[in-house]
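Its first residue numbered 350, the sequence shown is counted upward by one per residue in the numbering used here.
Keep in mind the hints are simulated off the structure, nothing from the lab. Hints may contain errors.
Label-pair ranges, simulated between beta-carbon atoms [to be verified]:
id : residue 1 : residue 2 : range
1  : I424      : Q537      : 37 to 47 Å
2  : V396      : R476      : 18 to 28 Å
3  : I365      : I427      : 12 to 22 Å
4  : V363      : I514      : 37 to 47 Å
5  : F540      : A473      : 18 to 28 Å
6  : S457      : I514      : 37 to 47 Å
7  : S509      : A473      : 37 to 47 Å
8  : Q379      : L461      : 14 to 24 Å
9  : V357      : S483      : 16 to 26 Å
10 : V363      : H481      : 15 to 25 Å
11 : L461      : T355      : 39 to 49 Å
12 : L461      : A369      : 15 to 25 Å
Note that the Cβ used here is the ideal one computed from N, Cα and C, for glycine as well.
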Amino acid sequence: MLDHLTPVAIWIAVEIAAVAWLLTAVRRDQRLMQWMAKPTASVVFVVFGLMRADFGSAFDLWMVGGLFLGMAGDILLIDHRTFRWGLLTFLAGHAAYIVAFNRAQPWSSWSLSVLLPLLIAAAAATRWLWPHASSMRGAVLAYIVIISLMAWGGIALSLSGALPITAGIGATLFFLSDLAVARHRFVQAAFVNRAVGIPAYYAGQVLLALTIGSVG
């Protein structure tokens, strides 16, 4: 048991250190440091996922694809000029996770009782962001829909036992981190958004990476 957990603990410790580095760079508004710290933090969860993956498993392949797209989106979001491309890349990453969850258990059997509160949260988020989104209203709406579907899959499959609890918690943290990004981009730019959103995001990605290898 300890031999199995030790590599996981090491990777989590490395990720925590990388995220702390990134938060320091953001707090000090040091762009060069952000260009070093953010890709480093993202590479960690991708490598962690690759080490756990069975490349004969469709579930694992789609999950690894989602991690890679997340890393690409992270890099694109560093520069505000590529924000739209980052948004599209994250949309694709969420879609990859949804396909992976569907591989683990068909979406038609996902619990509707999980979907209902997510729909309420999605409607509230849409109403909150709509006055601020301006020309990006369509993109914001599409993004809210896709992250809600991703969260539905992760939470529903964790509750059904088709996936470990890491899928549900990871998807939830990813959902919350996206709201922090939206607040920073569309409502009010402030360090508190990053202080909440960045740790939630990377914790979510690590937990989703931990889910890899759980489906034969």
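Hints and how they fare:
no. : hint                       : in the structure
1   : I424 with Q537: 37 to 47 Å : violated, 24 Å
2   : V396 with R476: 18 to 28 Å : violated, 39 Å
3   : I365 with I427: 12 to 22 Å : holds, 20 Å
4   : V363 with I514: 37 to 47 Å : violated, 22 Å
5   : F540 with A473: 18 to 28 Å : holds, 24 Å
6   : S457 with I514: 37 to 47 Å : violated, 23 Å
7   : S509 with A473: 37 to 47 Å : violated, 26 Å
8   : Q379 with L461: 14 to 24 Å : violated, 47 Å
9   : V357 with S483: 16 to 26 Å : violated, 43 Å
10  : V363 with H481: 15 to 25 Å : violated, 36 Å
11  : L461 with T355: 39 to 49 Å : holds, 40 Å
12  : L461 with A369: 15 to 25 Å : violated, 40 Å
The structure shown violates the earlier hints numbered 1, 2, 4, 6, 7, 8, 9, 10, 12.
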